[in-house]
Amino acid sequence: MTENNEEHHSHSIPLNVFEHESQILEMAETLPAEPLLTIDEIQNRFKTLTKEYKKLLRQTQKITRIGDSNQKKLLEAYDKIENQNLKLDRAIREAENANAAKNQFLAKVSHEIRNPMNVILGMAELLHLTHLNNEQKSYISNLRVAGKKLLHVINDILDFSKIESGLLTLENIDFYISDTVKSLKESFEITANEKGIRLNIHTAGNVPSVLKGDHIRLSQILFNLMGNAIKFTEKGNISLDIRRIHKENPDSTKKIILQFTVRDSGIGIASDKHSTIFESFIQADSSTTRRYGGTGLGLAICKQLVELMGGTIEVKSKPGKGSAFSFTAPFEPGNPHIARRLRKQHHITQYQGKPLNILLGEDNPLNAELMVRFLKKQKHRVMHAKHGKEILEYLKKRSFDVILMDVEMPEIDGFETTRRIRLDKTGKFKSDIPIIAITAHTLPVYKNRILSSGMNDIITKPIDFYRLSKLLFCIHPGCSRNKIEPGKSNELQILDSETALKRLQGDMGLYKKFCTMFIREIPEMLKKIEMDIGNSNYDELRKDAHYFKNSAALIGADRITVLTEKIEKIGIEKHNINNAIQLFNRLKIECSTARKALK
Amino acid sequence: MIKYKAVIVDDDIKIIILVEKALTELGFVVYSATEGKKALELVQDEKPDLLVSDILQPGLDGVRLCNLIKKDPQLSHTKIFLVTGVYNRTSFKLQMDCEPDAFIEKPVDMTQFQETVKRLILE
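As you go down the protein sequences, you meet chains A and B in turn. Counting in the working numbering, the first sequence runs from 1 upward without gaps. Counting in the working numbering, the second sequence runs from 1001 upward without gaps.
I should point out that these hints are in silico values taken from the structure, not numbers from a laboratory. This one's a predicted model, so the numbers in the text were calculated from it and none came from an experiment. Mixed in with the good hints, there may be bad ones.
[As the list claims (entries may be wrong)] Listed next, with one range per pair, are the computed distances between beta-carbon atoms:
| id | chain 1 | residue 1 | chain 2 | residue 2 | range |
| --- | --- | --- | --- | --- | --- |
| 1 | A | 575 | B | 1035 | 52 to 62 Å |
| 2 | A | 505 | B | 1059 | 27 to 37 Å |
| 3 | B | 1026 | A | 61 | 53 to 63 Å |
| 4 | A | 509 | B | 1119 | 21 to 31 Å |
| 5 | A | 365 | B | 1122 | 30 to 40 Å |
| 6 | A | 575 | B | 1122 | 38 to 48 Å |
| 7 | A | 373 | B | 1003 | 34 to 44 Å |
| 8 | B | 1059 | A | 464 | 43 to 53 Å |
| 9 | A | 62 | B | 1122 | 45 to 55 Å |
Even glycine gets a Cβ: it sits at the ideal position worked out from N, Cα and C.
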């Protein structure tokens, strides 16, 4: 009680002091403003001042006394805290080191596993394409299923370490929610039927059909939850409900918040386990692992992904009665045009272009064989180089359309090989030949390094042959990807406003502004380029064409981009001005076409 | 709140508008120039957290600008992003002569650009 009083008392002192101080100051300030005071008045005021001053002095001394003893206590406390902080620091650093080491280990191990997995899955894929009898077909199908399962586990581990170390970034893509639902249904229908379980998927009417967000991660969460539901349910039914919820306090009115609920009538989870099942490597019951398998990472990944997306996940369950996992995730309204186009792109099933001359750089003989076989099946001509030196030698001997190159080769690796190709001055081959990197690393940092080293695109192991076909199709003349030499301009779009708009985060106002500015620039730019060609002034031609090219690229005027790029090249190489005249004539036509399209 | 500062130099006003928008959204105060010498002055005066420079531009080009800033100990905290043309060999050769903190490819994708800024400066 006394302690409390004292504390209260010591608190009130400083307040008093300030009051007195300000009183004194106020009085002092009024003194010179009133010069006509009597001696008595001055004496009176002086007395009051003195009194106040003494009071102040006493209080100050008191504070100092209290302060002294407090300071000593404080210093001791500081020392203690400092000591604890040091210990804590050390502990944190140790934990961080251990965690970093763990993540590094996981990344490395999964890399080592992905390489042979690539061969196993790829070979199975190839075998599947050959003539097989029914027995062989079923063996291969089992091999593929088991391989994919294993890959799934490895990806789980890799994902987990990526999320843990903050390396996982979310995509923001326009998509149809019905596509996500459809692939879920297709994937689980067979197993459900086999087990005699009913599978119901219901999307509420208030869910918009096109959304923008990371649909791959959304599918991953749903696959995990549905997979668990099927795994732990022997009879009854499984359902997925998707509905839109309106939060009570909608700060971000543009966001669409969806709630996904996966219900099953399976074994259920005891209530004391509800809080731990989302932790890593934990299953509700360790006997679960023995009976049902799994890494125990699935729900941990789900929780992390949901939280990364900005949602929450929860579970309601009773043993024997089944479980309901429900999570929320925010999305942006999607653009149906973009979603439809992305969907169409996804449907290019097989390589449909002309055969290409491909130079493959791969040191691992099994991987190389797999690639060569796959590419030959698609009618391409393939030369195989075992390392960077051989790639450079082949390039000098023959002409190729594209190089597929393993980044991690012995002697001269992919980075160095690319550097030498890009900087080549012998003129014996095209130094701008498209290079597609093949790598087993999946970290974004590494991908950035590959792209900034001058390689055009990346394929990760195990190789997704569907994606590889798509990439190769883009190298084939007729593709409008601007990263890879686009070939004939008349097969390109006049105006790819969708892609351009996407780069501007869908800001229509900004896009329109750029288009207006571009239209205004056209006459001036054409005049400049015409003059440069007339004067054979290659340096200016290069600069002006460069500027025009970037302006056109910004708004997605692809044909103009390609033509001006070719003119820029003439400016760089400083010959072939006649060619520039021809290109310029085409450019004029394209400019007026684009102008009409823009209006 | 501490505001970050950035200088952007490009002879194309459209790129300045775009980059300015992307950076303002991330809480930057943005100064702009359309030629290299003015940009260097701005960098020396403002000591920004970021310089976004085109490679080809009047006055000082991006590579020389980059090398001058990287040599100046007073500007050691200034990160440099070089904006390169549509995938293009000339700029690739220029890229070999200096060491910026990032390359931004034209046409600039705002989301990717903001992501790079977040990764290299804000975190």
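Outcome of the hint check:
1. The hinted range of 52 to 62 Å is not satisfied by residue 575/A and residue 1035/B, whose Cβ atoms lie roughly 30 Å apart.
2. A hinted range of 27 to 37 Å holds for the C-beta pair residue 505/A and residue 1059/B, which are about 31 Å apart.
3. Separated by about 54 Å at the C-beta atoms, residue 1026/B and residue 61/A satisfy the suggested range of 53 to 63 Å.
4. The given range of 21 to 31 Å is respected by residue 509/A and residue 1119/B, whose C-beta atoms sit roughly 27 Å from each other.
5. In this structure the hint that residue 365/A and residue 1122/B lie 30 to 40 Å apart at CB is violated, the actual value being about 46 Å.
6. At about 47 Å, the CB distance of residue 575/A to residue 1122/B agrees with the hint of 38 to 48 Å.
7. A C-beta distance of roughly 58 Å is found between residue 373/A and residue 1003/B, which places it outside the suggested range of 34 to 44 Å.
8. Against the hinted window of 43 to 53 Å, the Cβ-Cβ separation of residue 1059/B and residue 464/A comes to about 46 Å, which satisfies the hint.
9. The hint said 45 to 55 Å for the Cβ distance between residue 62/A and residue 1122/B, and at roughly 50 Å that hint holds.
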